[in-house]
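Following the hints, complete the assembly by docking chain X onto the known chain D.
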Amino acid sequence: MENQVVEFSFFDEINKKANIICDDKSKLNPKSERWRFTPIREYNALTFSNLQNTNINLDSIQSYRFKNVILFVIMNGKIDLQLSDSIPNGVQIENLNKMAQNYSGRIKSSFTKISNIQENYFSAENITQFNNGLFINVESNIVIEKPIQLLNIQTETNSFPRFLINGEENSQFNIIEQYINLTKSESKSNSVVEISLQNGSNLNHICLQNGTKSHWNFYSLAVNQYKNSLFTSSIISLSGKRIINDINCNLIEEGVSTDISGLYLIDNNSHCDNHTKINHIAPFTYSNENFKGIISGEASGVFNGLIKVLPDAQKINSSLTNRNLLLSNDSKMNSNPQLEIYADDVKCSHGSTIGQIDGEALFYMQSRGISKSNATKILVKGFADEILNKIKIKSIIDYIEPKIEQLMRNS
Amino acid sequence: MLNIKNLHASIEEKKILKGINLIVNPGELHVIMGPNGAGKSTLASVLTGKDKFNIDNGEILFDGQIINELPPEERACKGMFMSFQYPIAIPGVNNMYFLKEALNSQKKYRGETQLDSIDFLGEMKTKLKYVGLEESFIHRPVNDGFSGGEKKRNEILQMITLEPKLSILDETDSGLDIDALKIISEGINNFRNKDRSFILITHYQRMLDYLKPDFVHVMIQGEIVKSGDKSLALELENKGYSWILNEKVETSQS
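So the protein sequences, as listed, match chains D and X. Its first residue numbered 56, the first sequence is counted upward by one per residue in our numbering. Its first residue numbered 442, the second sequence is counted upward by one per residue in our numbering.
It is possible that some hints are incorrect.
Stated by the list, open to error - Within a straight-line C-alpha distance of at most 16 Å, the following computed EDC-like cross-link-like pairs (lysine to aspartate or glutamate) qualify:
| hint | chain 1 | residue 1 | chain 2 | residue 2 |
| --- | --- | --- | --- | --- |
| 1 | X | K491 | D | D413 |
| 2 | D | K427 | X | D492 |
| 3 | D | K427 | X | E575 |
| 4 | D | K436 | X | E542 |
| 5 | D | K427 | X | E515 |
| 6 | D | K122 | D | E200 |
| 7 | D | K432 | X | E542 |
| 8 | X | K491 | D | E460 |
| 9 | X | K592 | X | E575 |
| 10 | D | K363 | D | E174 |
| 11 | X | K493 | D | E200 |
| 12 | X | K493 | D | D413 |
Claimed, not checked - If you want a taste of the chain X side facing chain D, the calculated C-beta under 10 Å gives, among others:
| hint | residue |
| --- | --- |
| 13 | T489 |
| 14 | G490 |
| 15 | D492 |
| 16 | K493 |
| 17 | E514 |
| 18 | F522 |
| 19 | M523 |
| 20 | A530 |
| 21 | V534 |
| 22 | M537 |
| 23 | Y538 |
| 24 | E542 |
| 25 | A543 |
| 26 | F578 |
| 27 | P582 |
What the hints contain is simulated information worked out from the structure, not anything from laboratory work. Here a beta-carbon is modelled for each residue, glycine too, at the ideal position from N, C-alpha and C.
Just chain D, same shape as in the assembly (with noise of 0.2 Å):
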């Protein structure tokens, strides 16, 4: 027995690295940094029974369809076909077990390396719990003009979702993340998205959240990006009990080039924490993020933003932002922006702001004859503009912006 040499699968040897973290609740200590203000405990205290919820009319899954798009149905964190439109030319779409078989080379070597597991907890978690996921390349030249619509539906209160999206080169397509949650009870989604840009591939993405008033979603987004690569996202959280979103951005070639945008939207006593890295590997890379957002109610927020550039990274231009708008009193908003600079020849920018309505632009509003109610939704409409005018998709916008009404009426 002592000789036996074992032969570990490609999952297995994932599997173990992965639980050995997940065993360390140590990664969960509320008193430590990572948690100093996101209820934590609360979650530890928790045990989410495995319920699901069988009574989902089908049909009615295509009214989350957007306009014009290539929609795959993902339940449960499994792609149903029979619920999704056909795989474009050009694209694959598989499990991820496939993918192990199929595929070698930075992809294959790249699954669960991309999302930091020593870093991030459930990044780690998801690993051990996952059952299907996805794997989505687009092959080199191809241009997806129709946004590919990945509708995440849970209707089980444990979902772990996975994605592993690869971009050849100068691929260029669209992808909209949607989330879902069709559960009746307390429930938890963990989901990891992992995508590789090769050589001057653009994506453009966009991640919407909406989870029910008792949902916990851990998000996990990671980006490795390859020579002149193009990646653009939006991470919108519109409702859900807890949304914890941690984003991780690896320039890791000349030439590439990052746009992050946020918008979180909480009301009532809910809480949204955003964790991002931006980190600069190679020199002559740009980066720009900038997150907002809006708390009404007894909601709280966290915002921590950082943005490393390596001894290597010289000549980076790297900016990142994070506003907040508070329409109550009981809101609460902790913003930490910082920069981590090893390079001595570089350009960065970080900012942060918590503030209320301006009541000076109020009552400017009001002189020319705009009601009080009419001037603040235009002013709370401003400030979300700037990051939905980054959204060109005129029916993503539509389902954004009664959200932001919904959050006056509360606030």
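For chain X alone, kept in the frame of chain D given last:
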């Protein structure tokens, strides 16, 4: 049109206006001059309904109605307008959208037909010429990144679009170069008619070379201490304010 009776106003217990009396009839242009801290801008703010000021005594009548308690938007809808000394920047809100929203709010209040975007844009194109601005200007966020002169022109653009009965122009001339001053003055002159009234708050006589005032008032320490015609403004330009104070002391002593 406007009748201010014994108006006393304060901010955080500090008394600023101490018994203002002023009647403005349709078609008249009144100028209020006075040293810094006399309460001129406070008077403008109180008239337009800024709630950080308290009215302690007196009445403001607009078209015969007491408006002391009326919110700012209703005063605007009834035909009152103030050009701000320091116009507020509103990032994220498009200038044209803002102005259309303002105009339509007022039209709605008065039971008039609201304008759609196309009609409104057509109207704006003409109005922009009056204040010497390019069309691209109205597609920018309200006052955001505007130069001092652009902000003041934008105020006048709003005035000629909203067509108020009473326009209170708070130091519209300050910070303007000669050319801009001329353009803005012409914009105001074109807008004047027998029904529209103006209160112009200023430190300088120079704008009065272009706009012919009916009355000039001097405000010192929260009171109107002297009223006259245009020659009073010229006199102030030459002699400053101290002689009026002396005159006032003499009068109260005699």
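Against the structure, the hints come out as follows:
no.	hint	result
1	X:K491 to D:D413	holds (14 Å)
2	D:K427 to X:D492	holds (12 Å)
3	D:K427 to X:E575	violated (30 Å)
4	D:K436 to X:E542	holds (14 Å)
5	D:K427 to X:E515	holds (10 Å)
6	D:K122 to D:E200	holds (13 Å)
7	D:K432 to X:E542	holds (12 Å)
8	X:K491 to D:E460	violated (26 Å)
9	X:K592 to X:E575	holds (13 Å)
10	D:K363 to D:E174	holds (15 Å)
11	X:K493 to D:E200	violated (54 Å)
12	X:K493 to D:D413	holds (14 Å)
13	T489	holds (5 Å)
14	G490	holds (7 Å)
15	D492	holds (8 Å)
16	K493	holds (8 Å)
17	E514	holds (4 Å)
18	F522	holds (8 Å)
19	M523	holds (6 Å)
20	A530	holds (8 Å)
21	V534	holds (4 Å)
22	M537	violated (13 Å)
23	Y538	holds (8 Å)
24	E542	holds (6 Å)
25	A543	holds (4 Å)
26	F578	violated (17 Å)
27	P582	holds (8 Å)
Hint compliance for this structure: hints 3, 8, 11, 22 and 26 are not met, and every other hint is.
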